[in-house]
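**Q** Sequence:
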Amino acid sequence: MNKRVVYSVVMVLVGILFLSVLLWPILTGDLSTGYTQQNTDTYELGKLMFDNYGLALIGVGIVLFVSMLGGVYLAKEEEEDKE
Numbered sequence: 001m002n003k004r005v006v007y008s009v010v011m012v013l014v015g016i017l018f019l020s021v022l023l024w025p026i027l028t029g030d031l032s033t034g035y036t037q038q039n040t041d042t043y044e045l046g047k048l049m050f051d052n053y054g055l056a057l058i059g060v061g062i063v064l065f066v067s068m069l070g071g072v073y074l075a076k077e078e079e080e081d082k083e
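Numbering (this note's numbering), first residue to last: 1 to 83.
Worth flagging that the hints you see were computed from the coordinates, not collected in a lab. Computed from a predicted model, the values in this text were never measured in an experiment. Backbone N, C-alpha and C fix where the C-beta goes; we use that ideal spot for every residue, glycine too. Among the hints, a few may not be true.
DEER-style ranges, computed between Cβ atoms [as the list claims (entries may be wrong)]: (1) G54 / K76: 30 to 38 Å; (2) R4 / D41: 47 to 55 Å; (3) L17 / K47: 24 to 32 Å; (4) L23 / L74: 25 to 33 Å; (5) V12 / K76: 39 to 47 Å; (6) F50 / V5: 37 to 45 Å; (7) V9 / G54: 27 to 35 Å; (8) K47 / Y7: 36 to 44 Å; (9) S20 / M49: 32 to 40 Å; (10) V6 / D41: 42 to 50 Å; (11) E44 / K3: 43 to 51 Å.
Turn these sequences into a full structure, and let the hints steer you where they fit.
**A** Shown next as structure tokens:
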């Protein structure tokens, strides 16, 4: 298979994954948490984020990891055949 075709397919899949991770919280539920206290500490903020948006946070972490791997792959120089 051609490298360009494989690269295009992978980029389309990554784009679909990225959009699904971004749109998932909006499409699946209520974004209001009912938590209106202004002064919070980091423990409460972390608990709130992982209780309400845990799957989205994990998805974003995976997307960032994959994009980092893609950046490393693109930055890597290809070896030329010396024949």
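**Q** Hint by hint, say whether it matches the structure.
**A** The hints, checked one at a time:
{"no.": "1", "hint": "G54 / K76: 30 to 38 Å", "in the structure": "holds (34 Å)"}
{"no.": "2", "hint": "R4 / D41: 47 to 55 Å", "in the structure": "holds (50 Å)"}
{"no.": "3", "hint": "L17 / K47: 24 to 32 Å", "in the structure": "holds (27 Å)"}
{"no.": "4", "hint": "L23 / L74: 25 to 33 Å", "in the structure": "holds (26 Å)"}
{"no.": "5", "hint": "V12 / K76: 39 to 47 Å", "in the structure": "violated (22 Å)"}
{"no.": "6", "hint": "F50 / V5: 37 to 45 Å", "in the structure": "holds (39 Å)"}
{"no.": "7", "hint": "V9 / G54: 27 to 35 Å", "in the structure": "holds (29 Å)"}
{"no.": "8", "hint": "K47 / Y7: 36 to 44 Å", "in the structure": "holds (40 Å)"}
{"no.": "9", "hint": "S20 / M49: 32 to 40 Å", "in the structure": "violated (19 Å)"}
{"no.": "10", "hint": "V6 / D41: 42 to 50 Å", "in the structure": "holds (47 Å)"}
{"no.": "11", "hint": "E44 / K3: 43 to 51 Å", "in the structure": "holds (48 Å)"}
When the structure is compared with the earlier hints, violations turn up for hints 5, 9 and for no others.
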